[in-house]
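One-letter residues, chain by chain:
Number of protein chains: 2
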Amino acid sequence: MATKKRQPPQYIIGVDLGGTNIVVGAMSADGKHHFGARSIPTSAELGAEGVADRIVGLIEGVILDTIAQTNANRRDFIGVGIGAPGPLDRDKGLVVVAPNLGWRNFPLRDRIGERLNLPATLDNDANCATVGEWWQGAAKGASNVIGMTIGTGIGGGLILDGKLFHGASDVAGEIGHTTIDLNGRHCKCGNYGCLEAYASGPAIATRAREVLVREETASLLPSLVGGRLESITAETVYRAAQQGDAVASEIVRDTARYLGTGIANLLNILNVDVVVVAGGVTQAGDALFVPMQAEVRRRAFRPAVDATRIVPGILPGTAGVVGAVATFKMQHLGTL
Amino acid sequence: MATKKRQPPQYIIGVDLGGTNIVVGAMSADGKHHFGARSIPTSAELGAEGVADRIVGLIEGVILDTIAQTNANRRDFIGVGIGAPGPLDRDKGLVVVAPNLGWRNFPLRDRIGERLNLPATLDNDANCATVGEWWQGAAKGASNVIGMTIGTGIGGGLILDGKLFHGASDVAGEIGHTTIDLNGRHCKCGNYGCLEAYASGPAIATRAREVLVREETASLLPSLVGGRLESITAETVYRAAQQGDAVASEIVRDTARYLGTGIANLLNILNVDVVVVAGGVTQAGDALFVPMQAEVRRRAFRPAVDATRIVPGILPGTAGVVGAVATFKMQHLGTL
Chain A
343 MATKKRQPPQ YIIGVDLGGT NIVVGAMSAD GKHHFGARSI PTSAELGAEG
393 VADRIVGLIE GVILDTIAQT NANRRDFIGV GIGAPGPLDR DKGLVVVAPN
443 LGWRNFPLRD RIGERLNLPA TLDNDANCAT VGEWWQGAAK GASNVIGMTI
493 GTGIGGGLIL DGKLFHGASD VAGEIGHTTI DLNGRHCKCG NYGCLEAYAS
543 GPAIATRARE VLVREETASL LPSLVGGRLE SITAETVYRA AQQGDAVASE
593 IVRDTARYLG TGIANLLNIL NVDVVVVAGG VTQAGDALFV PMQAEVRRRA
643 FRPAVDATRI VPGILPGTAG VVGAVATFKM QHLGTL
Chain B
343 MATKKRQPPQ YIIGVDLGGT NIVVGAMSAD GKHHFGARSI PTSAELGAEG
393 VADRIVGLIE GVILDTIAQT NANRRDFIGV GIGAPGPLDR DKGLVVVAPN
443 LGWRNFPLRD RIGERLNLPA TLDNDANCAT VGEWWQGAAK GASNVIGMTI
493 GTGIGGGLIL DGKLFHGASD VAGEIGHTTI DLNGRHCKCG NYGCLEAYAS
543 GPAIATRARE VLVREETASL LPSLVGGRLE SITAETVYRA AQQGDAVASE
593 IVRDTARYLG TGIANLLNIL NVDVVVVAGG VTQAGDALFV PMQAEVRRRA
643 FRPAVDATRI VPGILPGTAG VVGAVATFKM QHLGTL
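Just so you know, the sequences run in chain order A and B.
If you're matching positions, the first sequence starts at 343 in the working numbering and goes up one per residue.
If you're matching positions, the second sequence starts at 343 in the working numbering and goes up one per residue.
Errors might be hidden in some of the hints.
It does not matter which identical chain is meant; a pair holds if it fits inside one copy or across any two.
[Unchecked claim] In silico BS3-like pairs for lysine-lysine, Cα to Cα no more than 27 angstroms straight-line:
1) LYS505 with LYS374
2) LYS374 with LYS434
3) LYS482 with LYS530
4) LYS505 with LYS482
5) LYS505 with LYS530
Think of the hints as simulated: they come from the structure by calculation, not from any bench.
These numbers were taken from a predicted model, which means no experiment stands behind them.
Sequences are here, hints too, so could you generate the full structure?
Here it is as structure tokens:
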């Protein structure tokens, strides 16, 4: 009787490239096991080639860690999925423009792939975060998903009819730059009234500072930053709100109203099953989520509201890596 | 030698049910030939069963006309596609709520199908109009399409990755009820600042009346309606603008700005190839389309703007019937 040789497990590496940090991890190709997640500063000042060196070095370290943990061989690593800030050209594997990195038309996919002699794929970081939550997180099993990542900016990804949706030129999902107030606040994209100009982390901090300067209201906020208002961040605001500070609580409620408006627009357009809200903003907890959901109910159509769950992400810090592995599977293997 | 019997052509009937009119037509199943389009008033006051009678009668007339023109047999008619105002339950074939008709949970699909002894399908009227322009009109050949129908309301339909997109509970595409100004005008949906509250036909007329009452500006508009401001419609505004009237021209430019904002939001979210703008608003011509496209360029991301064409519909009056036939093919035959 012939003995059937057991197929050794295969591994895929996921890269989440951000303006501040690079996060890399490995996963078994079936998605069941995670190995050796590591993070280092991006050091964008080194330029594109320098950052690519750092990514390659980090991947090498993760591969070694994984081998040490699993007795895998190097040939069991079948590829690298990369999530990077957009806009991208997925066909060519280019980062077309990345303002936070100072890159233009950098061939990130092939640079990484060639250095490691592994197939590589590239996709938008917000798409990867959404796919991560869909594959293994808060949106598991859903057919239609909006993923929002709220941090320095507001990024988005769309799963529609069970597939990651890219649009005609890979820029679908830019939900941070949808207008909620056409005569409103100036956004760094040049437009007026974008959701991101109200509800990103820096926008939340800015609105808090504006109230403190304008109204001279009693507030905990200055004391939390040693009187240096320029040091207020969104996290400072959430912390003060948790301590019952009236100014901070109003800022959080306003943020809920802005985000609720943006989400209601998305529900009326896309009628999804799940909206995953991830990023720093989830630290605000129910103080944000409860009024946000109320605003959505006020603004979106009943059948769209009834069909959806609005939930925080459950893979903070790792959704991007998990999703990068998943996009490698979808792009390179044609299946998830 | 056996003679190969020629397969007789098959025909599909399309129904476009609106609050004001019912339009019915027949098409050859390959979409190449149109027959016997007819329109009658809906007469919603007759109630759901009465309107269903009128639809059935109109279909019978169209079948007879088609037979007279083609020598077809009655058995060559293979089904009826129905487009109706939503929200709908497509699975059950119900019109769930139709405020303009006064209907609730009316089983329109089966009522029509049973009376004619033909398979029938039901889809949203704005979806049908979009599918019509996609199958045979201004968006032919595109993979990602937004169809907007701007009349009494603003309806929308989405073709995404080459398929009509319905969402989780058949309400996707409600683009008229996306907020463009969160503290803005009251909308009849109960919300504030919806696109429809600014740019539907009645909203355009309301804004014109407001300017005339408030500003006592010299304008052609009152003279075009015999001094009865309540008789001003969107068409009156377009006509006055074409004659160079300053008030009307400003209303049209503002409309362009509102619609441009709404479309820019959709492009940043969905990055489609084509946006088809249909309905009465197309009568305003370049006076509307040129500033609308400028507003879109100002607000949407460059790669999204560069990837898209924004065009008027080219099937006025018939897109709904053509699309109803197409949705029958997609739902019942599984192909278009």
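Subject >> Enumerated hints in conflict with the structure, sorted upward >> reply: 2, 3 and 5
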